[in-house]
Amino acid sequence: MATLNSNVPSGPLAEKWEHHKFYTKLINPANKRKYKIIVVGAGLAGASASATLAELGYEVHNFVFHDSPRRAHSVAAQGGINAAKNYQNDGDSVHRLFYDTIKGGDFRAREANVHRLAEVSVNIIDQCAAQGVPFAREYGGLLDNRSFGGAQVSRTFYARGQTGQQLLLGAYSALNRNIANGGVKSYTHAEMLDLVVVDGHAKGIIVRDLQTGAITRHNGDAVVLATGGYGNVYNLSTYARGANVTASWRAYKRGACFGNPCYTQIHPTCIPVSGDYQSKLTLMSESLRNDGRVWVPKRKEDCGKKPADIAEGDRDYYLERMYSAFGNLAPRDIASRAAKTVCDEGRGVGETGLGVYLDFSAAIQRLGESKVRERYGNLFAMYQEITNENAYQTPMRIYPAVHYTMGGLWVDYNLMSNVPGLFVLGEANFSDHGANRLGASALMQGLSDGYFVLPATISGYLSSQNPGKRPATDSGSFKEAEENVQTMTKRLLGNRGKRTPDSFHKELGKLMWEHCGMARTAPSLEKGIKAIGNLREAYWKEVNVLGESNDWNQSLERAGRIADFIELGELMCRDALMREESCGGHFREEYQYTPDDPETKQGLVNPGDVKRRDDQFAFVAGWEYAGTPDKAPILNKEPLVYEEVKMSTRSYK
Amino acid sequence: MKVTLKVWRQKNRNSPGSFKTYESPELNENMSFLEMLDVVNEQLANRGEEPIAFDHDCREGICGTCSLVIDGKPHGPHKGIATCQTYMRSFKSGDEIVVEPFRAKAFPLVKDLVCDRKSFDRIQQAGGFITVRTGAAPDANSIPVPKPDSDLAMDAAQCIGCGACVAACKNASAMLFVSAKISHLGLMPQGQPERYKRAKAMVEQMDEEGFGACTVTGSCEAVCPKEISLDFIARMNRDYGVALLKGDPKAIKGGGAG
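Residue numbers (my numbering), protein chains in the order written: chain A, 1 to 653; chain B, 1 to 258.
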């Protein structure tokens, strides 16, 4: 059994971080350069961490599988980044951002981590503005904000529809500066394929050069994974096609616990699936819900009609009906589930019946088309490009799609996993969003971890390590890990099956969406576990990977990643089956309020509202690998202790 | 619909390449161009032929990974749209479509349709940043930026670093890309202290990488998926000119701890 000690410092919540920084051991400036830190990934978390660690004086080696550190999928975030600046004087504060995030996460996040996130949010904006990130501004030259993702204050900073790219370019510029001055050595087209653990500590990685196929060993005094989320386990998602779980999964197989794998965010406003050939789902920014009204026909019979032919009285603006206070701005998990419910009732629209309308006609009437164009012009253009429909004239059709994973490798307050020396940042860790992430909080967490948290906490671990004693790359553990990688490559290329890796990915995606999607039940999850187990066995018999190992080989790259996704899918189903409650993005049909529950009778909840079970499930599930993929993993628990907030029923009525 | 593809195949930099012709299976006009290539690749793989290598990632027009010259045009037929957001409805059934990699000396070929654009990173490493240490930043609102400047900087900052401008230019010039980067930072007050040093360093690195000179024909702007304006090149030239006139700053004599 692994030990999951959160290492949350004692003291009042609002003072924990300050105290912790003070009591964390520092490394003498002259000694910092003797420590070598491996950072995998250069999205917001990886790039900001690499740059900051190098500025502090550590020797940093950064690895990305892309051709350039600027391409990570952080680049695609549209909406914005939250910070408790209260520039709008609308009552925001660190405490309010903290509370909103804890509540948004349905009381399944670690309290102290979330408070720290809210505290450093303000520093992130300062940092990015100083780097020249062209945030939206008011005419006086000061920063503009908008309300986003259901928040009742305007705390979101943004840069047109491409906040992610602009923040990433900021972090990338900081990384570039440190590459130029020698602080960071950058490896591109370099994919991490194994973690090297020496005497229980993470001390290196095995890397494949995607251009030449060369496998190399790299040692370090600590290893930092900032390798993003695993939503592509569903095949269809809003993730980049290359996004994968491989670095995290190989670390899991080396002993790092996987935290809450079943917590998946399904984003409500994506363009619906149109066919089996589809490779990718496109997100339409959530900001559209500020002015768009979501509806479906009241009657099934009307679904085939043109939206313009459905009278106002025959439309069901279901979010406004069900959540009068938040209406169309209800949080993501709630809006997604509501869309699924109305479609399951047979009231979905579009060819597949899996779609709802997002209608701008009221906004166009109120504001005029030019104002709507000014706000959302690029999104309307993108929608037209993909669907060939003009959303100024007819409502958009949207449907939920996999967008983010709240789960990830388990980390303590220092962002260190249960394998000493292995740190995990950004979407790759599990820590800050609980069971559901609020809009504009992913960018905040990535940059918080990379710029401010890890650089302050890593010295605590490094001070216990003697840099002169770093294991050499010819030691046994490195040799064993490299052989492990070589064996897998040979096995994949040597297999002479009849199916392409992608055909397995599609099959896995369908199984995951069916059994571990927006609504989950025990019988369905059990079926999913079995089916995915069979798929795993079939994979190694039937997959056919073409090409060679010593060459650019995209089939080989994908084949390895898909093998990991299949194993992960099984774990996600197990986690979802174990968690007998509904919370955030995890909805178990068995656990919702009925008319007979006392809470329903007291009027606190409505029948059909999700039922969280704090008495039994207020813990983080940290799954531990049992040695082989067919052995059931071991469940470890970290209890969630709330010192400051009271766990309450999450209501957006 | 069905199309015929004439695709550049090349094993690697050291082997000669050639065009190969493939008949697509039945397609749907709502497929993206890259999804069409996925489908063709599945067909090839099922026949035991190695799939066509091509670069792609986000498939939503922002990461700058996808490339491809389609019928002679980088990023295909539409203005302001990257390859990944080009849809098959832009073509007719029966069309022959020619697909090539981005070609430029500074973008050496990796395989088939994939080229290496690391030269862009090196240009930015030469000076494409504002020197600010993490934690040293003043309050964000202590640096007001006039909205028109900020908006113009944002116009430049939209560049996704794909390299289509280079692929379109008969001189393989990178000036639209470099000028976008220089203008973004040079337009912001935060970028002023290093403005001329930055312009000079980046232009020099651009030349060193083997990119050509500007032809002023504007083919770069025409194919840019973010429609970056040619005006930024004039801005870059001015900053570079001023940098040359100013010369290098004098070396500091002495110094050291007191």
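Watch out, some of these pointers could steer you wrong.
Simulated pairs of lysine-lysine, PhoX-like, Cα-Cα distance not exceeding 20 angstroms [as the list claims (entries may be wrong)]:
#1 185/A x 147/B
#2 103/A x 646/A
#3 510/A x 340/A
#4 147/B x 371/A
#5 506/A x 541/A
Note that these hints are calculated values from the structure, not bench results.
Hint check results:
no.: 1; hint: 185/A x 147/B; result: 37 angstroms, violated
no.: 2; hint: 103/A x 646/A; result: 10 angstroms, holds
no.: 3; hint: 510/A x 340/A; result: 16 angstroms, holds
no.: 4; hint: 147/B x 371/A; result: 18 angstroms, holds
no.: 5; hint: 506/A x 541/A; result: 17 angstroms, holds
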